[in-house]
Amino acid sequence: MTTYQNWQNNETLIKDLQAVEEMINQHIRIKNKQIEAQIKQVTNNHGKMLRPLFVILTSKMGNKYDHNKTIALAAAMETLHMATLIHDDVIDQADTRRQIPTLHTVKDNRYAIYAGDYLFSICFNMLSKYTEEFDILNYNARTMEKVLIGELDQLEARFTPPKSVKRYLSRISGKTAQLFAVSCYIGATESGASLRDRQRAYNMGKYIGMAFQIIDDILDFKGDEKNVGKPVMADIRQGIFTLPLIYSYQQQPDAVSALLKRPKPYTDETIHALEQQIIQTEALDAAQRLAERYTHKALATLSKLPEGSYKAMLGQIISDMLERTL
Numbered sequence: 001m002t003t004y005q006n007w008q009n010n011e012t013l014i015k016d017l018q019a020v021e022e023m024i025n026q027h028i029r030i031k032n033k034q035i036e037a038q039i040k041q042v043t044n045n046h047g048k049m050l051r052p053l054f055v056i057l058t059s060k061m062g063n064k065y066d067h068n069k070t071i072a073l074a075a076a077m078e079t080l081h082m083a084t085l086i087h088d089d090v091i092d093q094a095d096t097r098r099q100i101p102t103l104h105t106v107k108d109n110r111y112a113i114y115a116g117d118y119l120f121s122i123c124f125n126m127l128s129k130y131t132e133e134f135d136i137l138n139y140n141a142r143t144m145e146k147v148l149i150g151e152l153d154q155l156e157a158r159f160t161p162p163k164s165v166k167r168y169l170s171r172i173s174g175k176t177a178q179l180f181a182v183s184c185y186i187g188a189t190e191s192g193a194s195l196r197d198r199q200r201a202y203n204m205g206k207y208i209g210m211a212f213q214i215i216d217d218i219l220d221f222k223g224d225e226k227n228v229g230k231p232v233m234a235d236i237r238q239g240i241f242t243l244p245l246i247y248s249y250q251q252q253p254d255a256v257s258a259l260l261k262r263p264k265p266y267t268d269e270t271i272h273a274l275e276q277q278i279i280q281t282e283a284l285d286a287a288q289r290l291a292e293r294y295t296h297k298a299l300a301t302l303s304k305l306p307e308g309s310y311k312a313m314l315g316q317i318i319s320d321m322l323e324r325t326l
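Residue 107 in full-length UniProt numbering sits at position 107 of the sequence shown, and the numbers go up by one each step.
Hints listed in this document are in silico derivations from the structure and should not be mistaken for laboratory results.
Some hints could be false.
[What the hints assert, rightly or not] With a straight-line cut-off of 20 Å between C-alpha atoms, the simulated SDA-like cross-links for lysine to any residue are:
| id | residue 1 | residue 2 |
| --- | --- | --- |
| 1 | K261 | R237 |
| 2 | K222 | T96 |
| 3 | K40 | R29 |
| 4 | K15 | H46 |
| 5 | K163 | Q251 |
| 6 | K261 | L155 |
| 7 | K60 | A19 |
| 8 | K64 | I136 |
| 9 | K297 | E323 |
| 10 | K304 | S319 |
| 11 | K107 | D92 |
| 12 | K261 | G239 |
| 13 | K222 | A94 |
| 14 | K163 | A258 |
| 15 | K297 | D197 |
| 16 | K261 | K107 |
| 17 | K107 | N45 |
| 18 | K163 | G150 |
| 19 | K264 | R237 |
| 20 | K297 | D216 |
| 21 | K31 | A94 |
| 22 | K31 | K146 |
| 23 | K146 | D88 |
| 24 | K40 | Q26 |
| 25 | K297 | M321 |
| 26 | K48 | V232 |
| 27 | K69 | S128 |
| 28 | K40 | E22 |
| 29 | K107 | I30 |
| 30 | K60 | A312 |
| 31 | K222 | E292 |
| 32 | K33 | E22 |
| 33 | K261 | E275 |
| 34 | K31 | S121 |
Nothing here was measured: the structure is a model prediction, and the numbers come from that model.
Model the full assembly from the supplied sequences, consistent with the hints where possible.
Listed below in structure tokens is the structure:
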């Protein structure tokens, strides 16, 4: 389900997000039409389109709004996000995403990795073509660095005891929050916003991304696969221990450790036992409270940005994200 279907009836925003999708499709041009169609099936199965949405809204902060440039930069951020998802699916060996077979299951791992790399190239092509701001190119390069460091840290931490909230927050700051942060920064920069307001937009996006990932990790335990768009409890099966499990471990380390030491891959019985352990320790409520703290930080930062119609929409979306069930 897309963001504009779920949260609002703003016709201008609907058209803008549709234009983002169209621009992405226009940039996917491959002589082999079968390959082109398969990649487009992935990019058109895009879900909520949050990152381009934040580019679009923050681009209205200043007095230099350029519609065509905004759509292109929003498309670049969505393309970058889709590229990371294709690679994630290979690493996780996920069979489906949003009820659609993943690219590596349709073809193979090598094919999917090259397809993800191809989307990375489209992202940087759009950025170089539509912005003259070196700052944006620099931020985007640093974003890729932080995303990959976060992913590498996650791989390194697989099946290790879930002791550190700090390490978890550092990881999601890179692999998830950074894309939200740079999306807000790009929009603010192209709008002609001041350096201070650009940094505020960046910080707001980072807080949004932190809250988003924590909620995503909560939904991995109590969400519905059809709505979440991916198999629930998938992280634990992969040895990726997220915030709810960390909180549960901190409260009852012996009980959680005993379950995590069971043979791998974990059986459904072990997964169910871990799920019940997390529910009993109220770890989901603790994780929800931390997500609320980041949401409040995002809203507080938003309140310091220049006045404009975009602020009400951003405030609504930030608040709605905390209550999301998908």
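These are the hints, each one checked on the structure:
1. K261 x R237: holds, 13 Å
2. K222 x T96: holds, 19 Å
3. K40 x R29: holds, 10 Å
4. K15 x H46: Distance ~16 Å between K15 and H46 Cα, so the pair holds.
5. K163 x Q251: Given that 20 Å is the threshold and the Cα spacing comes to 11 Å, the pair holds.
6. K261 x L155: holds, 18 Å
7. K60 x A19: Measuring from Cα to Cα gives roughly 17 Å; hence the hint holds.
8. K64 x I136: Status holds; Cα separation ~16 Å.
9. K297 x E323: holds, 16 Å
10. K304 x S319: holds, 17 Å
11. K107 x D92: holds, 16 Å
12. K261 x G239: holds, 11 Å
13. K222 x A94: Given that 20 Å is the threshold and the Cα spacing comes to 19 Å, the pair holds.
14. K163 x A258: Judged against 20 Å, a Cα distance of about 14 Å means the pair holds.
15. K297 x D197: holds, 15 Å
16. K261 x K107: Violated. K261 to K107 sits at ~35 Å, over the 20 Å cutoff.
17. K107 x N45: holds, 17 Å
18. K163 x G150: Holds - the C-alpha atoms of G150 and K163 are around 17 Å apart, at most 20 Å.
19. K264 x R237: Answer holds: K264 to R237 is near 9 Å, not above 20 Å.
20. K297 x D216: Status holds; Cα separation ~18 Å.
21. K31 x A94: violated, 28 Å
22. K31 x K146: violated, 33 Å
23. K146 x D88: Answer holds: K146 to D88 is near 15 Å, not above 20 Å.
24. K40 x Q26: holds, 10 Å
25. K297 x M321: holds, 14 Å
26. K48 x V232: This hinted pair holds, its Cα atoms lying about 18 Å apart.
27. K69 x S128: holds, 11 Å
28. K40 x E22: holds, 11 Å
29. K107 x I30: The hint holds at about 16 Å.
30. K60 x A312: holds, 12 Å
31. K222 x E292: Holds: K222 and E292 sit about 17 Å apart, inside 20 Å.
32. K33 x E22: holds, 17 Å
33. K261 x E275: holds, 15 Å
34. K31 x S121: holds, 16 Å
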